[in-house]
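> As you go down the protein sequences, you meet chains A and B in turn.
Just so you know, numbering that gives the first Met the number 0 puts 135 at position 136 of the first sequence, and the rest follows in order with no gaps.
Just so you know, numbering that gives the first Met the number 0 puts 3 at position 4 of the second sequence, and the rest follows in order with no gaps.
Just so you know, the hints here were simulated from the structure itself, not pulled from any lab data.
Note that beta-carbon positions come from the ideal geometry of N, C-alpha and C, so glycine has one too.
One or more hints might be untrue.
As the list claims (entries may be wrong) - Partial selection, computed: residues in chain B whose CB lies under 7 Å from chain A:
{"#": "1", "residue": "Q46"}
{"#": "2", "residue": "M50"}
{"#": "3", "residue": "D54"}
{"#": "4", "residue": "E60"}
{"#": "5", "residue": "C139"}
{"#": "6", "residue": "G141"}
{"#": "7", "residue": "N165"}
What the hints assert, rightly or not - Examples of chain B residues lying across from chain A (beta carbon under 10 Å, computed):
{"#": "8", "residue": "R19"}
{"#": "9", "residue": "R22"}
{"#": "10", "residue": "C24"}
{"#": "11", "residue": "M26"}
{"#": "12", "residue": "E28"}
{"#": "13", "residue": "G68"}
{"#": "14", "residue": "G73"}
{"#": "15", "residue": "P76"}
{"#": "16", "residue": "L87"}
{"#": "17", "residue": "V88"}
{"#": "18", "residue": "K99"}
{"#": "19", "residue": "M103"}
{"#": "20", "residue": "F281"}
{"#": "21", "residue": "M284"}
{"#": "22", "residue": "P287"}
Each chain, letter by letter, is given below.
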Amino acid sequence: MANRNATLDAKSPVAYAGSKAVIPDDELVYLYRQMLLARRFEERCAQSYTQAKIGGYCHLYIGQEANLAGLLSALRPNWDYVITAYRDHVQPIFMGTSPGAVMAELYGRKTGTSGGKGGSMHLYDPARGFMGGWGIVGGQIPIAIGFAFAAKYRNEDRVTLCFIGDGAVPIGAFHESLNIAGILRLPIVFVIENNQYAMGTALEVSNAIPDLYKHGERFNIQSRPVDGMDLWAVRGAMDEAVAAARNGEPQLIESKTYRFRGHSMADAGQYRTKEEVQEWKQRDPLETVGAYLLERGLLTTDDIDRLNEEIRAECAAAADFADSSPAPTEADLFNNVYV
Amino acid sequence: MAVIQYREALREAMREEMERDDRVCLMGEEVGGYNGAYRISEGLMDQFGRMRVLDTPIAEEGFTGMALGAAMVGLRPIVEYMTWNFSLVAFDMIINHIAKVRYMSDGQFTAPMVLRGPQGGGQQLTAQHSQCVEAWYIHCPGLYVVTAATPADAKGLLKTCIRNDNPIIFLEHLGLYNLKGEVPEGPDFTIPLGVADIRKQGTDVTILSYSKMIHSAVQAAELLERDEISAEVIDLRSLRPLDLDAILASVRKTHRVVIATEAWQDSGFSRELSGLIYQHAFDEMDAPIEEVTGAPVPMPYAKNLEAMTIPNAETIADAARRTLARSGEFAPITRLV
Chain A
0 MANRNATLDA KSPVAYAGSK AVIPDDELVY LYRQMLLARR FEERCAQSYT QAKIGGYCHL
60 YIGQEANLAG LLSALRPNWD YVITAYRDHV QPIFMGTSPG AVMAELYGRK TGTSGGKGGS
120 MHLYDPARGF MGGWGIVGGQ IPIAIGFAFA AKYRNEDRVT LCFIGDGAVP IGAFHESLNI
180 AGILRLPIVF VIENNQYAMG TALEVSNAIP DLYKHGERFN IQSRPVDGMD LWAVRGAMDE
240 AVAAARNGEP QLIESKTYRF RGHSMADAGQ YRTKEEVQEW KQRDPLETVG AYLLERGLLT
300 TDDIDRLNEE IRAECAAAAD FADSSPAPTE ADLFNNVYV
Chain B
0 MAVIQYREAL REAMREEMER DDRVCLMGEE VGGYNGAYRI SEGLMDQFGR MRVLDTPIAE
60 EGFTGMALGA AMVGLRPIVE YMTWNFSLVA FDMIINHIAK VRYMSDGQFT APMVLRGPQG
120 GGQQLTAQHS QCVEAWYIHC PGLYVVTAAT PADAKGLLKT CIRNDNPIIF LEHLGLYNLK
180 GEVPEGPDFT IPLGVADIRK QGTDVTILSY SKMIHSAVQA AELLERDEIS AEVIDLRSLR
240 PLDLDAILAS VRKTHRVVIA TEAWQDSGFS RELSGLIYQH AFDEMDAPIE EVTGAPVPMP
300 YAKNLEAMTI PNAETIADAA RRTLARSGEF APITRLV
């Protein structure tokens, strides 16, 4: 199974023509902390899921954190729009939503981001520009171009970042949306997070064109692949894309990445080998960034241990907050169907 | 009051609301440069420009979702489907996304948008272009479904829908676009949702209908009058929310009901109405409810076959007579259709 295709080989990061970002030291430490928070939060979710505190589906982001930090840090906070599908726990947390409110939503509590009505796949924080949180593969893409359309309509210099899984590339909504964005020159960055499996179906089984970024070019959208395990590369690509998008040029990035855990908590992982997973884990973005920080003397191993401890406590507090929060009531059941 | 066409009434509603509120915009296939496939939006692009009257590619899912995104961040889009049959291509956007965003976000987002266009048969447009979609959309919590049978209702209801903060399915009828009627003038003319219009008072039987079929219902009442049967005719107008009070008040008066619709009966809106009436007024009924509906077939092409699928004044009147025959008050009258 492993090494089917050179571009999918963990040992051969994709060639990327653009430049890697220069990230200032203090920001890098901050991004490292955010990536750690995302990792530890998802691990806490896994634990709560196995304890049956979290119901329904539960899709973890573990392994893809270089995208999270590299993409979101290039945006203007509380101004630009971010939308994604159902692997959505960590984007709002990165953008400032309290981990407690996210965990409470996963626990189905009134204090959750949607009052317990949305759950894992439907998290929102419009004040911070996090627009969900959507459960139908590809469904978020037409909505994303709507945010970008509204920005253009109102002459606002907001950029929309639309996360897209590789599994959404074959669906019609993807192609219709890219076409419209290409026609209207919308201020949007489409990012295909290519983690190489649409649930358990390998990329080449569902895509006639395995270089997914090429779809953007068909619609007159500037497109590039990037090594999604490399924070600096992702950020560099995103910096360029955001600048161009803010200027009214739609952009597409295919970020080649990997999820270390299953598609969801229910995934037995029989479609890929342990060796393949291990190979990709050698390029764990947390390890890469952590090693860099140590090497540069920006953090010590003690610092990293302390950071981890602090974050674990933060995630435990989020879980405690969720656990001790009230459930929604019958009165809430009928609220907000209509205005 | 000015006498204008149904299509002009729709256009005036959009024009006035776009003049009143610059968040209101129109998007769809052929709405701009072509001036509307059925000339509903004629002149609007010239007046409001290409962003506010946006020609879209033939990509219903794409532009319907785009309208939702725009609505979520404060615009008030009107989406025109060339026919409601094409909305089925966007069904996922409407059902899974538009109808649910407010609830899934617990009120953090609203989707103030009107999805509008023509539906219905009678033009020999055949199976893929003649369907009535109301049952599919009424079924889904989060959507309102509104119909208009007259130019005045077209204008007053569409203006109300554009100002409403909920996503609304606004069903026009292709066979009504040329219909002329008096329409109150002035930008403040609106008609509230959830209020039925009693088109004719009567005492013997209630005919419930909406959209183009209401005109056949009114004709049926005239036919019945010749037989000294007094029919009350109610145009439901808004199907969700539904004016159940008006329906039940009429049923308590007449004790007999005919429901006339062009839509299919199976699991359809006429069944829904029957169910509601039986549930709330079972003891009032002197006869089983008669549902006069579209024939359970895909719409055929041949003019005579198409006519057979769609109810008309005669079939509605016959159904009314059956309700009276069953309750023993009138002898059955057989007519050749």
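> Would you mind marking each hint as holding or not holding in the structure?
For each hint, the structure was consulted:
1. Given the 7 Å rule on beta carbons, the hint for Q46 (chain B) is violated: about 16 Å separates it from the nearest Cβ of chain A.
2. Interface restraint check for M50 (chain B): the shortest CB-CB distance to chain A comes to about 5 Å, inside 7 Å, so the restraint holds.
3. About 9 Å separates the beta-carbon of D54 (chain B) from the nearest beta-carbon of chain A, more than 7 Å, and the hint is not met.
4. Look at E60 (chain B): its Cβ gets to within about 5 Å of chain A, closer than 7 Å, so that hint holds up.
5. Look at C139 (chain B): its Cβ only gets to about 10 Å from chain A, farther than 7 Å, so that hint breaks.
6. Hint status for G141 (chain B): holds, given a least beta-carbon distance of 6 Å to chain A, under 7 Å.
7. The beta carbon of N165 (chain B) is positioned within 7 Å of a beta carbon in chain A (closest approach about 5 Å), and the interface hint is therefore held.
8. This hint is violated: R19 (chain B) has a C-beta 17 Å from the nearest C-beta of chain A, more than the 10 Å allowed.
9. Taking 10 Å as the C-beta cut-off, the interface hint given for R22 (chain B) holds, the closest approach to chain A being about 9 Å.
10. For C24 (chain B), the shortest C-beta to C-beta distance to chain A is roughly 7 Å, which falls under 10 Å, so the interface hint holds.
11. About 9 Å separates the beta-carbon of M26 (chain B) from the nearest beta-carbon of chain A, less than 10 Å, and the hint is met.
12. Hint status for E28 (chain B) relative to chain A: violated, with the closest Cβ pair at about 12 Å, above 10 Å.
13. With its C-beta approaching chain A no nearer than about 2 Å, G68 (chain B) sits inside the 10 Å limit, and its interface hint holds.
14. For G73 (chain B), the shortest C-beta to C-beta distance to chain A is roughly 7 Å, which falls under 10 Å, so the interface hint holds.
15. A cut of 10 Å between beta carbons decides the hint on P76 (chain B): the least distance to chain A is about 8 Å, and the hint holds.
16. The interface hint given for L87 (chain B) is broken, as the beta carbon of that residue sits about 13 Å from the closest beta carbon of chain A, more than 10 Å.
17. The closest approach between the C-beta of V88 (chain B) and any C-beta of chain A is roughly 9 Å, which is under the 10 Å cut-off, so the hint is satisfied.
18. At its closest, the beta carbon of K99 (chain B) sits 8 Å from a beta carbon of chain A; the interface hint therefore holds under the 10 Å criterion.
19. Taking 10 Å as the C-beta contact cut-off toward chain A, the hint placing M103 (chain B) at the interface holds, the least distance being around 4 Å.
20. For F281 (chain B), the suggested interface contact is broken, since its CB lies about 26 Å from the closest CB of chain A, more than 10 Å.
21. A hinted interface residue such as M284 (chain B) counts as satisfied when its beta carbon comes closer than 10 Å to some beta carbon of chain A; here the least separation is about 30 Å, so the hint is violated.
22. With its C-beta approaching chain A no nearer than about 33 Å, P287 (chain B) sits outside the 10 Å limit, and its interface hint is violated.
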